[in-house]
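2 protein chains.
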Amino acid sequence: MPQALHLVARPEGEPKDSDFELRPVEARELVDGEARIAVRYASVDPAMRIWMTEQKSYWPPIGLGEVMRAGGIGEVIESKNPKLPVGAWVGGMTGITEEFITNGKGYRVFDARALPDPTWALHVFGATGFTAYFGLKEIGEPKAGETVVVSAAAGAVGSTVVQLAKAWGCRVIGIAGGAEKCAYVKDELGADEVIDYKNEKVGKRLFETCPDGIDVYFDNVGGEILDSVLKRLKLRARIVVCGGISQYNATGEVRGPANYLSLISARARMEGFVVIDYLHRGDEAIAAMAPLVAAGQLKGKVDVMEGIANFPATLRHLLAGKNFGKQVLKL
Amino acid sequence: MPQALHLVARPEGEPKDSDFELRPVEARELVDGEARIAVRYASVDPAMRIWMTEQKSYWPPIGLGEVMRAGGIGEVIESKNPKLPVGAWVGGMTGITEEFITNGKGYRVFDARALPDPTWALHVFGATGFTAYFGLKEIGEPKAGETVVVSAAAGAVGSTVVQLAKAWGCRVIGIAGGAEKCAYVKDELGADEVIDYKNEKVGKRLFETCPDGIDVYFDNVGGEILDSVLKRLKLRARIVVCGGISQYNATGEVRGPANYLSLISARARMEGFVVIDYLHRGDEAIAAMAPLVAAGQLKGKVDVMEGIANFPATLRHLLAGKNFGKQVLKL
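Protein chains in written order, with this note's numbering: chain W, 87 to 417; chain R, 87 to 417.
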């Protein structure tokens with residue numbers, strides 16, 4: 087019997103297995119206009135940690151007892167909706183569930199055969215890629231020749247940002263944790279320089295690698311790295327506030343950027359954004375990125391874990407920075 | 087014999103009298119092209135606290151042994167420069183000194199008789215007014231009907247921002263310390279609401295006075311107030327980072343805004359600016375503000391302390407928020 091994972095407690099610090107509960111999906115017949123979807127892959131994202139709290143965000147908190155919220159992709163396995171024929175792939179907010187019933191509203195049908203792998207619809211050609219594309223382009227506004235720094239550069243969004251910034255003619259410094267990820271960022275993604283935050287002093291290395299300062303910082307992590315970047319801003323620098331993963335498991339107060347007053351002397355800005363504002367422009371991002379993918383300038387890497395019961399472990403894996411590429415859960 | 091005040095030690099925390107030393111101004115004859123200026127008023131500004139540190143800012147640190155840097159206005163008392171006739175008023179970076187010699191470069195001559203009082207050249211029609219005008223207009227971009235929150239609303243910049251925002255059709259909430267200042271902000275400056283941060287809970291009062299959230303925050307103080315505002319941002323809010331006076335005497339680490347991740351869900355931005363970038367557009371600000379002054383919609387209030395030896399006490403007075411209006415020192 088198909089199962090769904092329900093949030094039953096708000097995590098304190100790192101999410102625990104006991105914060106969730108597997109329950110059978112209600113079995114019922116379809117009515118006209120509905121289809122039954124088997125979820126194949128769920129996207130596992132840092133923002134999930136925020137959705138689990140009581141904090142108001144761009145979406146309301148997940149209610150206790152509700153199915154864990156997640157983006158995902160799946161196949162239609164039964165249908166009374168001609169727009170959702172059996173065998174079609176759909177994407178949208180599926181939740182962490184093996185099956186669900188929908189009338190199709192809020193979901194898009196996509197051609198999985200046109201992709202290197204269906205997971206690309208969650209990655210470069212999905213919300214992850216759109217986050218990188220619109221965040222960098224619309225908020226970061228990089229110009230060719232400028233210096234762009236990217237944190238979590240081996241992660242899903244970060245790795246896409248690194249490659250886009252390179253494709254757009256920028257000098258790119260990636261920050262990642264550990265030798266393997268750093269080698270990937272430099273050798274595979276093509277960053278000009280890479281900083282290993284686990285083994286190097288980020289402030290000192292930023293000073294060395296950005297002697298003239300930083301024009302654009304795409305921030306996925308917050309914390310100390312953001313503070314180090316604030317010390318090295320160039321005039322009129324832009325900080326794209328995409329996430330603050332280093333602070334998401336914090337049980338005390340979030341660490342605010344102590345060096346934020348550098349925004350004054352640098353005449354710089356920090357700006358936040360949410361990808362859902364740009365989803366209606368997804369085709370524009372796909373049109374811009376598809377040629378880069380075809381030319382080998384934009385690679386996707388997916389970190390697949392498996393099994394609905396492993397969702398909490400997968401999320402911990404991601405929040406600890408152990409993932410390598412876009413984190414997905416195969417159901 | 088005229089004297090000048092020299093910075094002889096970098097203050098730890100609150101500046102002490104012993105961080106400065108009065109020394110006689112070198113007495114020498116003028117050469118052709120020079121004029122001798124008697125400084126009448128010096129502007130005392132929060133940013134001075136930054137200039138005294140070793141921190142790199144939009145200007146280099148004041149060197150130890152140098153005359154304390156300050157904007158000011160004075161009268162020409164002796165001249166070998168036809169552009170600076172005896173009796174003319176000049177404004178610019180005079181420093182904390184009773185007299186100095188200049189060839190005129192970097193100073194502007196102004197008509198003091200056209201002003202309600204010469205100090206207005208340091209206030210509404212000087213760097214203070216330009217800070218308020220360009221910071222609010224260019225960075226805050228307020229639209230009529232929007233909600234604008236201003237900290238240090240009884241201060242020099244803040245009081246000008248409150249009045250400009252009202253003149254531009256915004257709903258204005260001023261934050262100030264103590265009943266007297268709050269009454270001034272509401273009754274004299276015309277703020278719609280006022281919050282007394284010394285006697286009220288700022289977060290709770292922001293919630294009450296800005297039920298729909300905050301569109302523009304003009305921040306002169308940083309610290310806890312900034313954090314409270316971050317919790318109440320409206321979609322696409324703008325935070326004008328003008329100063330962080332609450333943190334300037336901090337000897338430990340500056341308190342960063344712990345709620346900065348709200349920039350994401352609000353799609354908001356924080357942006358710093360420095361008035362010196364706009365000084366060349368001063369005439370534009372004067373042209374916009376002069377009719378408001380004439381109509382009684384833009385009032386200036388000056389807090390005058392007296393005597394060069396009282397500079398350290400005047401600066402402490404300002405940094406502790408004890409000033410009421412634009413702080414100047416009469417020499």
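Accuracy of the hints is not assured; some may be wrong.
Here are the computed lysine to aspartate or glutamate pairs in the EDC-like style, where the Cα-Cα straight-line distance is at most 20 Å [claimed, not checked]:
id: 1; chain 1: W; residue 1: Lys416; chain 2: W; residue 2: Asp389
id: 2; chain 1: W; residue 1: Lys290; chain 2: R; residue 2: Glu140
id: 3; chain 1: W; residue 1: Lys287; chain 2: R; residue 2: Asp363
id: 4; chain 1: R; residue 1: Lys287; chain 2: W; residue 2: Asp298
id: 5; chain 1: R; residue 1: Lys320; chain 2: W; residue 2: Asp389
id: 6; chain 1: R; residue 1: Lys320; chain 2: W; residue 2: Glu140
id: 7; chain 1: W; residue 1: Lys320; chain 2: R; residue 2: Glu370
id: 8; chain 1: R; residue 1: Lys290; chain 2: W; residue 2: Asp363
id: 9; chain 1: R; residue 1: Lys320; chain 2: R; residue 2: Glu294
id: 10; chain 1: W; residue 1: Lys142; chain 2: R; residue 2: Glu339
id: 11; chain 1: R; residue 1: Lys317; chain 2: W; residue 2: Glu339
id: 12; chain 1: R; residue 1: Lys284; chain 2: R; residue 2: Glu266
id: 13; chain 1: W; residue 1: Lys142; chain 2: R; residue 2: Glu274
id: 14; chain 1: R; residue 1: Lys317; chain 2: W; residue 2: Glu294
id: 15; chain 1: R; residue 1: Lys142; chain 2: W; residue 2: Glu140
id: 16; chain 1: W; residue 1: Lys317; chain 2: R; residue 2: Glu339
id: 17; chain 1: R; residue 1: Lys191; chain 2: R; residue 2: Glu120
id: 18; chain 1: W; residue 1: Lys290; chain 2: R; residue 2: Glu339
id: 19; chain 1: R; residue 1: Lys290; chain 2: W; residue 2: Glu339
id: 20; chain 1: R; residue 1: Lys142; chain 2: W; residue 2: Glu294
id: 21; chain 1: W; residue 1: Lys320; chain 2: R; residue 2: Glu294
id: 22; chain 1: W; residue 1: Lys317; chain 2: R; residue 2: Glu294
These are computed hints drawn from the structure, not numbers from a lab. On a predicted model such as this, the values are computed, not experimentally measured, just so you know.
Each hint, compared with the structure:
1. Between lysine 416/W and aspartate 389/W the CA atoms are separated by roughly 10 Å; this keeps the pair inside 20 Å, and the hint holds.
2. Distance check on the hinted pair: lysine 290/W and glutamate 140/R sit about 19 Å apart at the alpha-carbon level, within 20 Å; holds.
3. Restraint check for lysine 287/W and aspartate 363/R: the C-alpha separation of about 34 Å exceeds 20 Å, so the hint is violated.
4. The straight-line distance between the Cα atoms of lysine 287/R and aspartate 298/W is roughly 43 Å, outside the 20 Å bound, and the hint therefore fails.
5. Among the hinted pairs, lysine 320/R with aspartate 389/W is inconsistent with the structure: their alpha-carbon atoms are about 36 Å apart, more than 20 Å.
6. Between the alpha carbons of lysine 320/R and glutamate 140/W the distance comes to roughly 19 Å, so the proposed pair stays at or under 20 Å and holds.
7. With a C-alpha separation of about 28 Å, the suggested pairing of lysine 320/W with glutamate 370/R is violated against the 20 Å cut-off.
8. In summary, the hint linking lysine 290/R to aspartate 363/W is not supported, as the alpha carbons are separated by about 30 Å, beyond the 20 Å threshold.
9. Of the pairs offered as hints, the one joining lysine 320/R and glutamate 294/R holds, with about 14 Å between alpha carbons and a cut-off of 20 Å not exceeded.
10. Of the pairs offered as hints, the one joining lysine 142/W and glutamate 339/R is violated, with about 29 Å between alpha carbons and a cut-off of 20 Å exceeded.
11. Only pairs whose Cα atoms come within 20 Å are accepted, and lysine 317/R paired with glutamate 339/W is accepted, the gap being roughly 14 Å.
12. For the suggested pair lysine 284/R and glutamate 266/R, the alpha carbons sit about 12 Å apart, so the restraint of at most 20 Å is met.
13. A hinted pair counts as satisfied when its Cα atoms are at most 20 Å apart, and lysine 142/W with glutamate 274/R does not qualify at roughly 37 Å.
14. Annotation: proposed proximity of lysine 317/R to glutamate 294/W is violated, straight-line Cα distance about 36 Å (limit 20 Å).
15. Of the pairs offered as hints, the one joining lysine 142/R and glutamate 140/W is violated, with about 41 Å between alpha carbons and a cut-off of 20 Å exceeded.
16. In summary, the hint linking lysine 317/W to glutamate 339/R is supported, as the alpha carbons are separated by about 14 Å, within the 20 Å threshold.
17. A distance of roughly 10 Å separates the Cα atoms of lysine 191/R and glutamate 120/R; the hinted pair therefore holds under the 20 Å criterion.
18. Between lysine 290/W and glutamate 339/R the alpha-carbon distance is near 19 Å, which keeps this suggested pair within the 20 Å criterion.
19. Straight-line distance between C-alpha atoms of lysine 290/R and glutamate 339/W comes to about 19 Å, which keeps the hinted pair within the 20 Å bound.
20. Distance restraint check for lysine 142/R and glutamate 294/W: the Cα-Cα separation of roughly 18 Å lies within the 20 Å cut-off, and the hinted pair is therefore satisfied.
21. The suggested pairing of lysine 320/W with glutamate 294/R is violated, with an alpha-carbon distance near 39 Å, which exceeds 20 Å.
22. For the given pair, lysine 317/W sits about 36 Å from glutamate 294/R by alpha-carbon distance, which is inconsistent with the 20 Å threshold.
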